[in-house]
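Asker: Here are the chains, one letter per residue:
There are 4 protein chains.
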Amino acid sequence: MVDDVSGDPSSERARPRAPLSAPVRLFVTGGTFDKEYDEIHGTLDFRDTHLPEMLEMARSRLDVKVRTLMMVDSLEMTDADRSLIARQCLEVPEPHIVITHGTDTMVDTARVLAERVPDKTIVLTGAMIPIAFGSSDGLFNLGGALTVVQVLPPGVYVAMNGRVFDWDDVRKNAATGVFEALR
Amino acid sequence: MVDDVSGDPSSERARPRAPLSAPVRLFVTGGTFDKEYDEIHGTLDFRDTHLPEMLEMARSRLDVKVRTLMMVDSLEMTDADRSLIARQCLEVPEPHIVITHGTDTMVDTARVLAERVPDKTIVLTGAMIPIAFGSSDGLFNLGGALTVVQVLPPGVYVAMNGRVFDWDDVRKNAATGVFEALR
Amino acid sequence: MVDDVSGDPSSERARPRAPLSAPVRLFVTGGTFDKEYDEIHGTLDFRDTHLPEMLEMARSRLDVKVRTLMMVDSLEMTDADRSLIARQCLEVPEPHIVITHGTDTMVDTARVLAERVPDKTIVLTGAMIPIAFGSSDGLFNLGGALTVVQVLPPGVYVAMNGRVFDWDDVRKNAATGVFEALR
Amino acid sequence: MVDDVSGDPSSERARPRAPLSAPVRLFVTGGTFDKEYDEIHGTLDFRDTHLPEMLEMARSRLDVKVRTLMMVDSLEMTDADRSLIARQCLEVPEPHIVITHGTDTMVDTARVLAERVPDKTIVLTGAMIPIAFGSSDGLFNLGGALTVVQVLPPGVYVAMNGRVFDWDDVRKNAATGVFEALR
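Protein chains in written order, with the working numbering: chain A, 1 to 183; chain B, 184 to 366; chain C, 367 to 549; chain D, 550 to 732.
Isolated chain A, as found in the complex:
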């Protein structure tokens, strides 16, 4: 998050500092984020992830390492899928991880990661509207997640629509679609 503030607190050097730039790991799991319109069948489905083109549009200057783990609707995500995500979080060297995820079970995956992945800062994010739509919230959410993950202390968080939640203090309101705190 911020550099250690040890030493003389009155000195200039002791001032909290913004993070030095370090690689951020970005895991793609699908979700509304990456849904596309199938023009033959008139349905929404998955093809390739939009994350690389989003990072290009964002003119991202972070060292972001993208890996697609799966492309699923989060309602269809299994325990095995969540175990795979947790293992990947443990195995990669980066301490800062962003995961794009369907919104319906994002909180469930956050809980699994909180139990199994200590000592890393993990931020889950997603979109209410597919990126392929002109009016998606996805680029805003991705900007929020990639920026805040560098600053938060180790833990598991959900970043959606401008807000940051602890994994154990958030739910998706099924009626309104809005992520809200339990507190």
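The set of hints was computed from the structure by calculation and includes no laboratory data.
Note that the structure is a prediction, hence the values are computed from the model and not measured.
Backbone N, C-alpha and C define an ideal beta-carbon position, used for all residues, glycine too.
Among the hints, erroneous ones may be present.
What the hints assert, rightly or not - Label-pair ranges, simulated between beta-carbon atoms:
#, chain 1, residue 1, chain 2, residue 2, range
1, D, 614, A, 45, 49 to 59 Å
2, D, 702, C, 485, 19 to 29 Å
3, C, 434, A, 181, 51 to 61 Å
4, A, 80, D, 614, 47 to 57 Å
5, D, 723, C, 456, 34 to 44 Å
6, D, 596, A, 68, 54 to 64 Å
7, D, 615, B, 271, 48 to 58 Å
Stated by the list, open to error - Listed next, the in silico BS3-like pairs over lysine-lysine satisfying Cα-Cα at most 30 Å (straight line):
#, chain 1, residue 1, chain 2, residue 2
8, B, 248, B, 355
9, D, 721, C, 538
10, B, 303, B, 355
11, C, 431, C, 486
12, A, 120, A, 65
13, D, 721, D, 614
14, D, 721, D, 669
15, A, 120, B, 248
16, A, 120, A, 172
17, B, 355, A, 65
18, D, 721, C, 431
19, C, 486, C, 538
20, A, 65, A, 172
21, B, 248, B, 303
22, D, 669, D, 614
23, C, 538, C, 431
24, C, 486, D, 669
25, B, 248, A, 172
Using the hints provided, position chains B, C and D relative to the given structure of chain A.
Answerer: Then chains B, C and D, alone, in the frame of chain A:
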């Protein structure tokens, strides 16, 4: 940034927490962000700010209070303009402030604010491409700034293209257009 | 379409002329064109038509009179729906009519109109991708239909993706999604 | 425009027909259409043409042969440039030609082509807003031009914002930016 971690560090309550939702002040000053195409004259100029429609697209669930202070190209921003911005930062009650700003002199304004506005968390952001263009980085940057401002300790920062910089450790590279650390 | 070329063919006045501007009737029936993403349920459905905002983006200088007749997926369009469309075509005073329509049964509706609506120029058009997506063909198709309807002789036509077909010389290839001539 | 209606006018075969698909030549000359934002200098300039990606978005099923002749603001177009365009129109085998052109002197170029290129159908079009902007009229205008060029009799026309004008019956209103008939 995070709740105070004083007290028994082994207790659940001592764990760092994501921020409780609090209002964020958003000051608009113009910049590339808000430039539009004048179809009569074929030039780029300013009309109304795009911030409210961007917050709508973002489905922002933050309590964001928007105020337009000026609509200028940052190359034309004067000392008086910067004094006005500093006074506004001091006067509003919110401790978390995001400022949209042209990129060319964003660092200059950050320095003025660092000198005059103690005890608030101020994040300046902008865009390399006007929001009115389909391929703007603005929504990504706005998401980053509004999310990270809630978490950073008091100070003045620049958040651009996924990175967060201390006000005194950043410059815009005039040749490449990229914000980069001095360190 | 063009002014009558009777009279002295060598005179300047005998040259074919572009159409004088006259009102065009635009009937909306739904189809892929107007499908939107329901962010609560993750499905595609209909809300308001996008035609007025499309005409605004197009900076249309035609006198276009828009009327929404229905908002349906064309696979669910009934004989009664098609009769209603035919009656509306007969009743409105405008001789030039554009109809936005789902692609799956566009040719079926064209046949009904060819049987029941003589002496008017009717152009059906649609989109392979919803307008709400950033990458829709809809604005292109709408431009084609509204422009060409002023020039074609009375009859019923399908205008899609840059091509114009007679109602009795076109089919949608179900495998490729492409409209193609029978000839 | 339509097939020859010679022969027995009462027969089915005598009915006017939509055009058989034939290649359309598309000449690119620049103009607002192709202006882009230079993020280093904050200016509007030209790089590559957007026409191929526009035809892809349009899912164009026409056989369109694109050739970039120049990339200029039409206020800077010279007599030599217009002669080059006229020669190209004469030399290509296609009888149907669309030209993308800046709006300020589109009518001047149309006049030159009307004097020098007989027996071809030429439609000039452009955009009030650069294609690179999300809200451009360009895709609508391109759809109109490419569709109507197949149907109009030989001559030179301007197709903008849903209307079609004869080359000698149109001007751009400098105050409003709107193309309007002289009649």
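Asker: Decide, hint by hint, whether the structure agrees.
Answerer: Hint check:
| no. | hint | result |
| --- | --- | --- |
| 1 | 614/D with 45/A: 49 to 59 Å | 34 Å, violated |
| 2 | 702/D with 485/C: 19 to 29 Å | 22 Å, holds |
| 3 | 434/C with 181/A: 51 to 61 Å | 41 Å, violated |
| 4 | 80/A with 614/D: 47 to 57 Å | 53 Å, holds |
| 5 | 723/D with 456/C: 34 to 44 Å | 43 Å, holds |
| 6 | 596/D with 68/A: 54 to 64 Å | 31 Å, violated |
| 7 | 615/D with 271/B: 48 to 58 Å | 51 Å, holds |
| 8 | 248/B with 355/B | 28 Å, holds |
| 9 | 721/D with 538/C | 39 Å, violated |
| 10 | 303/B with 355/B | 24 Å, holds |
| 11 | 431/C with 486/C | 16 Å, holds |
| 12 | 120/A with 65/A | 16 Å, holds |
| 13 | 721/D with 614/D | 28 Å, holds |
| 14 | 721/D with 669/D | 24 Å, holds |
| 15 | 120/A with 248/B | 33 Å, violated |
| 16 | 120/A with 172/A | 24 Å, holds |
| 17 | 355/B with 65/A | 24 Å, holds |
| 18 | 721/D with 431/C | 24 Å, holds |
| 19 | 486/C with 538/C | 24 Å, holds |
| 20 | 65/A with 172/A | 28 Å, holds |
| 21 | 248/B with 303/B | 16 Å, holds |
| 22 | 669/D with 614/D | 16 Å, holds |
| 23 | 538/C with 431/C | 28 Å, holds |
| 24 | 486/C with 669/D | 28 Å, holds |
| 25 | 248/B with 172/A | 24 Å, holds |
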